[in-house]
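There are 2 protein chains.
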Amino acid sequence: MAVAPLSIARLVVIGTGLIGGSFALALKRAGAVSEVVGIGRHRETLEEAKSLGVIDVVGDYDLPSFAGAELVLVATPVGQMRAVFAAMAPFVPAKAVITDGGSTKQDVVSLARECFSTSLQRFVPAHPISGTEKNGPSAAFPELYESRRVIMTPLPETSVTSVDMVRSAWETCGANVSELAPDVHDAMLGAVSHLPHLLAFALVDELASRQNGEQLFSFAGGGFRDFTRIASSNPEMWRDIFLSNREAVSRDLSRYRAKLEALQQLLDAGDGAALEAVFRRSQAARKRWLRKD
Amino acid sequence: MAVAPLSIARLVVIGTGLIGGSFALALKRAGAVSEVVGIGRHRETLEEAKSLGVIDVVGDYDLPSFAGAELVLVATPVGQMRAVFAAMAPFVPAKAVITDGGSTKQDVVSLARECFSTSLQRFVPAHPISGTEKNGPSAAFPELYESRRVIMTPLPETSVTSVDMVRSAWETCGANVSELAPDVHDAMLGAVSHLPHLLAFALVDELASRQNGEQLFSFAGGGFRDFTRIASSNPEMWRDIFLSNREAVSRDLSRYRAKLEALQQLLDAGDGAALEAVFRRSQAARKRWLRKD
Chain A
1327 MAVAPLSIAR LVVIGTGLIG GSFALALKRA GAVSEVVGIG RHRETLEEAK SLGVIDVVGD
1387 YDLPSFAGAE LVLVATPVGQ MRAVFAAMAP FVPAKAVITD GGSTKQDVVS LARECFSTSL
1447 QRFVPAHPIS GTEKNGPSAA FPELYESRRV IMTPLPETSV TSVDMVRSAW ETCGANVSEL
1507 APDVHDAMLG AVSHLPHLLA FALVDELASR QNGEQLFSFA GGGFRDFTRI ASSNPEMWRD
1567 IFLSNREAVS RDLSRYRAKL EALQQLLDAG DGAALEAVFR RSQAARKRWL RKD
Chain S
1327 MAVAPLSIAR LVVIGTGLIG GSFALALKRA GAVSEVVGIG RHRETLEEAK SLGVIDVVGD
1387 YDLPSFAGAE LVLVATPVGQ MRAVFAAMAP FVPAKAVITD GGSTKQDVVS LARECFSTSL
1447 QRFVPAHPIS GTEKNGPSAA FPELYESRRV IMTPLPETSV TSVDMVRSAW ETCGANVSEL
1507 APDVHDAMLG AVSHLPHLLA FALVDELASR QNGEQLFSFA GGGFRDFTRI ASSNPEMWRD
1567 IFLSNREAVS RDLSRYRAKL EALQQLLDAG DGAALEAVFR RSQAARKRWL RKD
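So the protein lines, in turn, are chains A and S.
Residues in the first sequence are numbered from 1327 upward in steps of one, following the numbering used here.
Residues in the second sequence are numbered from 1327 upward in steps of one, following the numbering used here.
This is chain A alone, in the form it adopts within the complex (with noise of 0.2 Å):
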């Protein structure tokens, strides 16, 4: 059966940065969205995201800025999402779609219910899992989402056409679509990203703070530089991530402590065959992954 081409006449998308602003330039470039409307805290990083072609028209919260929308999107750190969706209620047009791109799913999920309770067969939480350690309009860039996965949560609520509009627009930015109740979303990212990004920014940091610090990072090499490079992420965001999935990632450091505190007893015994044998199995598992991936 044939699809009809997604056809968006006016898109808001609130948060014009890496995540809001590289959706918005995907549509555009696949003919997708007739305009743009870009919304968020900085007037100057409107203006800039306008000027590089991001976004058509500034907007704000009002009715205006709103009119005619068949599409929201709320591309913001989480902690934002409350006042965000707080704002914009008053003004979302009864036929608008709203969708998300929070990297936790729950708190979205329950702010919806707050703020969207009379809209929720329209209301579409998703995450696209893909981003890039820089931020910001000028980091945007219509490739971000090719072969990437975006996860929907949708609600017991949400209608099919809604899922079906927010998937046709992530499948036209080249994304692979699938759909997980919330709390297992928050679940598995909480170990595959969330954790990661707390290992990593504390090395950095306890490396940073030792008094030869400076000496330290100079004989660092490229394996370092990988390792930590999700290090660099924008620090408000993962701090709003690790307010709201912190009972998740509490549980899953808590057992990676565990492994540490096993691999440190295998190393004071020197017990290099049971080092080994972690090391082959891991090597072994990175292997599977990204011949799957």
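Think of the hints as simulated: they come from the structure by calculation, not from any bench.
Note that this is a predicted model, so its numbers are computed, not measured.
The reader is advised that the hints may include incorrect statements.
Given that identical chains are not distinguished, each listed pair holds provided it fits within a single copy or across any two copies.
[Unchecked claim] Here are the simulated lysine to aspartate or glutamate pairs, EDC-like style, with alpha carbons at most 20 Å apart:
| # | residue 1 | residue 2 |
| --- | --- | --- |
| 1 | LYS1613 | GLU1459 |
| 2 | LYS1460 | GLU1562 |
| 3 | LYS1421 | ASP1388 |
| 4 | LYS1460 | GLU1602 |
| 5 | LYS1613 | ASP1552 |
| 6 | LYS1613 | GLU1540 |
With the hints as your guide, set chain S onto chain A.
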């Protein structure tokens, strides 16, 4: 003062994988070596190295293989070096300079004192801080060392001419060469290289050991891929490194575990401001490093 270009009639490389193979290829490309003899544990690896042009001659621990050698590079995992040093010692010509590419240096220095007691003036311990997660002759490429650091840790007995020759060889490969005391080298690398490898191996193995490990990995993105790249590194090589440098790594691991404990307290207390402060310091420290690097 003009420096005569490096000209090595015969180079012997023991261990013809990524490190040794790339060294040979870089010197060949620069026209700095006439003939490369390769020695190693596995005949098929040596034949592969020869067919790839990494080495010219498949050698062994015997007089013909070492005859006329001007430089010998031992590029095996450090755990093999005792056996390699003992096997080569009877055959190394009196004028040949010996160097290694081991990732730890105190252990290599004490092995050299055992095995090369009469030729320490010609032994130059060194460590190229470079590599990828790939192994074997097919992973070798001549650009591996371009703009990378090589640290030499000469003994008090090492002659200036030997140091100069090894420095010249690494500079011919495009590397930036510096000198450190062996214990300082091991402490530095323990923190910025060995510890991160242990942390990455630990995370991948912890996640892979879970019942839903496969599913977890399927939600991992680019951040996880980079963070765990070093967990694909050679298990045998890394076992040897950890055994060699276990005291320094264990000290660093204790500090890191204390840091994680502190972060978990912040997480459990929901102290967003303190978490964000850690993330900001970490992000800033990494940016400073990248600017200098």
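Structure-based check of each hint:
For a Cα distance limit of 20 Å, the shortest separation of LYS1613 from GLU1459 across copies, 11 Å, qualifies, whereas the shortest one inside one copy, 24 Å, does not. Proximity of LYS1460 to GLU1562 under the C-alpha cut-off of 20 Å is restricted to the intra-copy arrangement: shortest distance 13 Å within a copy versus 36 Å between copies. In this assembly of identical chains, LYS1421 and ASP1388 lie within 20 Å of each other by CA distance solely inside one copy; the values are 17 Å within and 83 Å between copies. For the identical chains of this complex, LYS1460 and GLU1602 are inter-copy neighbours only, at 17 Å across copies versus 36 Å inside a copy, given an alpha-carbon limit of 20 Å.
In this homomeric assembly, LYS1613 and ASP1552 come within 20 Å of each other (Cα to Cα) both inside a single copy, at 17 Å, and across copies, at 13 Å. Within a single copy, LYS1613 and GLU1540 get their C-alpha atoms only as close as 34 Å, which misses the 20 Å cut-off; across copies the closest is 12 Å, which meets it.
This entry satisfies every hint, going by the numbered hints stated previously.
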